[in-house]
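Asker: Heads up: the protein sequence lines correspond to chains A and B, in order. Here the first sequence is numbered in our numbering, starting from 1 and rising by one per residue. Here the second sequence is numbered in our numbering, starting from 1 and rising by one per residue.
FYI, nobody ran anything at the bench for these hints, they're computed from the structure. Keep in mind that a hint or two might mislead.
SDA-like cross-link-like pairs, simulated, lysine to any residue; straight-line CA separation at most 25 Å [to be verified]:
{"hint": "1", "chain 1": "A", "residue 1": "K221", "chain 2": "B", "residue 2": "V248"}
{"hint": "2", "chain 1": "B", "residue 1": "K241", "chain 2": "A", "residue 2": "A154"}
{"hint": "3", "chain 1": "B", "residue 1": "K32", "chain 2": "B", "residue 2": "V220"}
{"hint": "4", "chain 1": "A", "residue 1": "K16", "chain 2": "B", "residue 2": "G161"}
{"hint": "5", "chain 1": "A", "residue 1": "K13", "chain 2": "B", "residue 2": "T165"}
{"hint": "6", "chain 1": "B", "residue 1": "K32", "chain 2": "A", "residue 2": "A284"}
{"hint": "7", "chain 1": "B", "residue 1": "K247", "chain 2": "B", "residue 2": "G233"}
{"hint": "8", "chain 1": "B", "residue 1": "K227", "chain 2": "A", "residue 2": "A296"}
{"hint": "9", "chain 1": "B", "residue 1": "K2", "chain 2": "B", "residue 2": "I159"}
{"hint": "10", "chain 1": "A", "residue 1": "K13", "chain 2": "B", "residue 2": "E158"}
{"hint": "11", "chain 1": "A", "residue 1": "K16", "chain 2": "A", "residue 2": "A154"}
{"hint": "12", "chain 1": "A", "residue 1": "K181", "chain 2": "B", "residue 2": "P224"}
{"hint": "13", "chain 1": "B", "residue 1": "K231", "chain 2": "A", "residue 2": "A296"}
{"hint": "14", "chain 1": "B", "residue 1": "K219", "chain 2": "A", "residue 2": "E137"}
{"hint": "15", "chain 1": "A", "residue 1": "K16", "chain 2": "B", "residue 2": "I159"}
{"hint": "16", "chain 1": "B", "residue 1": "K102", "chain 2": "A", "residue 2": "D140"}
{"hint": "17", "chain 1": "A", "residue 1": "K13", "chain 2": "B", "residue 2": "K241"}
{"hint": "18", "chain 1": "B", "residue 1": "K32", "chain 2": "A", "residue 2": "T133"}
{"hint": "19", "chain 1": "A", "residue 1": "K273", "chain 2": "B", "residue 2": "V244"}
{"hint": "20", "chain 1": "B", "residue 1": "K16", "chain 2": "A", "residue 2": "K16"}
{"hint": "21", "chain 1": "B", "residue 1": "K241", "chain 2": "A", "residue 2": "K16"}
{"hint": "22", "chain 1": "B", "residue 1": "K20", "chain 2": "B", "residue 2": "G65"}
{"hint": "23", "chain 1": "A", "residue 1": "K16", "chain 2": "B", "residue 2": "V248"}
{"hint": "24", "chain 1": "B", "residue 1": "K241", "chain 2": "A", "residue 2": "E137"}
{"hint": "25", "chain 1": "B", "residue 1": "K247", "chain 2": "A", "residue 2": "P303"}
So you can see what is in the structure, the chains are spelled out below.
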Amino acid sequence: MSVLILAEHDGHKLKKVTRQAVTAARSWQASIHILIVGHHIAAVAQEAAGIAGVTEVIQADAAHLAHPLAEDVAGLLVEHAGHYQVILAPHTRFSKNVLPRTAALLDVAMIADVIAVTGPKSYLRPIYAGNITATVESSDTIQIVTVRASSYAAVTDDGTANIASWAVSATTPLARWLGEKRNVSDRPELATARAVVSGGRSLGSAEQFEAVLAPLAEELKAALGATRAAVDAGYAPNDLQVGQTGTVVAPELYIAVGVSGAIQHTAGMKDSKVIVAINQDPDAPIFQVADYGLVANLFEAVPALVAALRTSAPR
Amino acid sequence: MKILVAVKRVVDFNVKVRIKPDGSDVDIAGVKMGINPFDENALEEALRLKERGKASEVVAVSLGGTANQDVLRHALAMGADRAILVETEVNLQPLGVAKLLKAVVEREQPDLILLGKQAIDSDAGQAGQMLAALLGVGQGVAISAIEIWDEEIVVTREIDGGTETLALRLPAVVTADLRLNEPRYVKLPNLMMAKKKPIQTISAAELGVDASPRLTQLKVADPPPRKPGIKVGSVQELVEKLRVEAKVL
Numbered sequence: 001m002s003v004l005i006l007a008e009h010d011g012h013k014l015k016k017v018t019r020q021a022v023t024a025a026r027s028w029q030a031s032i033h034i035l036i037v038g039h040h041i042a043a044v045a046q047e048a049a050g051i052a053g054v055t056e057v058i059q060a061d062a063a064h065l066a067h068p069l070a071e072d073v074a075g076l077l078v079e080h081a082g083h084y085q086v087i088l089a090p091h092t093r094f095s096k097n098v099l100p101r102t103a104a105l106l107d108v109a110m111i112a113d114v115i116a117v118t119g120p121k122s123y124l125r126p127i128y129a130g131n132i133t134a135t136v137e138s139s140d141t142i143q144i145v146t147v148r149a150s151s152y153a154a155v156t157d158d159g160t161a162n163i164a165s166w167a168v169s170a171t172t173p174l175a176r177w178l179g180e181k182r183n184v185s186d187r188p189e190l191a192t193a194r195a196v197v198s199g200g201r202s203l204g205s206a207e208q209f210e211a212v213l214a215p216l217a218e219e220l221k222a223a224l225g226a227t228r229a230a231v232d233a234g235y236a237p238n239d240l241q242v243g244q245t246g247t248v249v250a251p252e253l254y255i256a257v258g259v260s261g262a263i264q265h266t267a268g269m270k271d272s273k274v275i276v277a278i279n280q281d282p283d284a285p286i287f288q289v290a291d292y293g294l295v296a297n298l299f300e301a302v303p304a305l306v307a308a309l310r311t312s313a314p315r
Numbered sequence: 001m002k003i004l005v006a007v008k009r010v011v012d013f014n015v016k017v018r019i020k021p022d023g024s025d026v027d028i029a030g031v032k033m034g035i036n037p038f039d040e041n042a043l044e045e046a047l048r049l050k051e052r053g054k055a056s057e058v059v060a061v062s063l064g065g066t067a068n069q070d071v072l073r074h075a076l077a078m079g080a081d082r083a084i085l086v087e088t089e090v091n092l093q094p095l096g097v098a099k100l101l102k103a104v105v106e107r108e109q110p111d112l113i114l115l116g117k118q119a120i121d122s123d124a125g126q127a128g129q130m131l132a133a134l135l136g137v138g139q140g141v142a143i144s145a146i147e148i149w150d151e152e153i154v155v156t157r158e159i160d161g162g163t164e165t166l167a168l169r170l171p172a173v174v175t176a177d178l179r180l181n182e183p184r185y186v187k188l189p190n191l192m193m194a195k196k197k198p199i200q201t202i203s204a205a206e207l208g209v210d211a212s213p214r215l216t217q218l219k220v221a222d223p224p225p226r227k228p229g230i231k232v233g234s235v236q237e238l239v240e241k242l243r244v245e246a247k248v249l
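Here chain A stands alone, though its shape is the one from the complex (with noise of 0.2 Å):
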């Protein structure tokens, strides 16, 4: 039996989450097939097969999967599945829409947001948005999986998988793809970015929040993050929130600006490698999980930021 992982791509490249989840594969110490699912993917399946510790590598070619829906994938999967101890990938956005349709359709549970896997069946997963840990064991024949990538290192090329295809199905009637928009913002995404800057209700306003803010932001080339008091506030778009109902990140560097520390937003950057705080009230619990705590107006302190970083040593 073998752990067959589905490949995140770009259509021209492996993304580097997929060389991330062989890692996690590694863990069944089985043979590890990669499934790429796409249009034009040669490319991409010639760079699968050079990953270290990979021994097939799929592709599934055809038109309609240039923009693959959850059914038609979905239904690819379970074709195979029978050959399959482990179905696996990266957690995003892809794979959260179709390995929960898979799993259903072969009636086995999922195991979702794995940071350990801790044996064959068991796994480590944070819960109450990375507030508490729980330990999982499943009773399934089929495991499917997706793993946090930043849990794993990538893997590196040293291999030279064989490259077989599947058949691949008419598509579902069921849905169309009907386009996509592309982000076409100069700043980085909020859920990927190295670094976020973030900010709170002391802001005061919208004209303000951006005026603070998106000085710092360009400097630091961070993206823009919100606390839900700012969002609900209407200082901020909802989709800059972060916190356990808004995106969850994890990026080099965290700086949060007037922010003050409610579990809600602490839940979902708590994770973050370096955490600066700047705010006026010494007793902000934001403190408690800063590695960096500036007490000080916030007026004055981030535009003095912004000049002390254009003025220091280049990076």
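Starting from the structure of chain A, add chain B where the hints point.
Answerer: Chain B in isolation, oriented as in the chain A frame:
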């Protein structure tokens, strides 16, 4: 068009959950509970569709013990026409939830089923997709917009680096992301009126579904704590620390 909305009762998002002394599970005795926030977005959208004349009836359903009546009352107070409680003491996991909801869908025959994209306790994010699979219908997952056409709905959903738009044949299952809408506040008179609306109760056994868990929780633990931080005295000191000590600049 009839819409079924599934709502889960979860620990309130502002509560810091604690672990039982034996480490077997989280301790939710006496903790403030409420409707799962994403399910509230799902319900809000169903109500807006009705208010725009696109839907004729909105039915809320919840699975669990008698205590779940409180989230159904909340749903009725927001404006749901009817509420159904599927009573079960089983430890429900996403596959079991999907199986029970499928049985409810078969009884109620809704054209559209709305759920939250995930529950903020187990963070599984699976029930909607699993329900769609079991019903053999299309799915729109983590949507930020929905439009009703004639025989189809059009949904916008988040993908990495942007959004995509899908047309789904009805009936379909759709799960709500936070940015779909901002749920209305429940006014006190509505809450009082909701107390008079009946909640239909069905026992899970009556539905003839095996919703038993597939996963066993072996233990729960606190994540490793962050190492204590320091306070810096000035912006200059902060930049210095970030550059030299943390090496993140």
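Asker: Hint by hint, note whether the structure agrees.
Answerer: Status of each hint after checking the structure:
1. K221(A) <-> V248(B): 12 Å, holds
2. K241(B) <-> A154(A): 29 Å, violated
3. K32(B) <-> V220(B): Holds, at about 20 Å.
4. K16(A) <-> G161(B): 15 Å, holds
5. K13(A) <-> T165(B): At roughly 24 Å apart (the allowed maximum being 25 Å), T165(B) and K13(A) satisfy the hint.
6. K32(B) <-> A284(A): Distance ~23 Å between K32(B) and A284(A) Cα, so the pair holds.
7. K247(B) <-> G233(B): 19 Å, holds
8. K227(B) <-> A296(A): This hinted pair holds, its Cα atoms lying about 23 Å apart.
9. K2(B) <-> I159(B): Since the Cα atoms of K2(B) and I159(B) sit roughly 28 Å apart, the hinted pair is violated (cutoff 25 Å).
10. K13(A) <-> E158(B): 21 Å, holds
11. K16(A) <-> A154(A): Holds, because 7 Å separates the two Cα atoms, which is no more than 25 Å.
12. K181(A) <-> P224(B): Measuring from Cα to Cα gives roughly 39 Å; hence the hint is violated.
13. K231(B) <-> A296(A): Holds, because 11 Å separates the two Cα atoms, which is no more than 25 Å.
14. K219(B) <-> E137(A): Distance of about 10 Å is within 25 Å: holds.
15. K16(A) <-> I159(B): 17 Å, holds
16. K102(B) <-> D140(A): This hinted pair holds, its Cα atoms lying about 21 Å apart.
17. K13(A) <-> K241(B): Roughly 37 Å between the alpha carbons, so the hint for K13(A) and K241(B) is violated.
18. K32(B) <-> T133(A): 21 Å, holds
19. K273(A) <-> V244(B): 15 Å, holds
20. K16(B) <-> K16(A): 34 Å, violated
21. K241(B) <-> K16(A): 30 Å, violated
22. K20(B) <-> G65(B): Cα-Cα ~21 Å, so holds.
23. K16(A) <-> V248(B): 21 Å, holds
24. K241(B) <-> E137(A): 43 Å, violated
25. K247(B) <-> P303(A): With Cα atoms ~21 Å apart, K247(B) and P303(A) stay inside 25 Å; holds.
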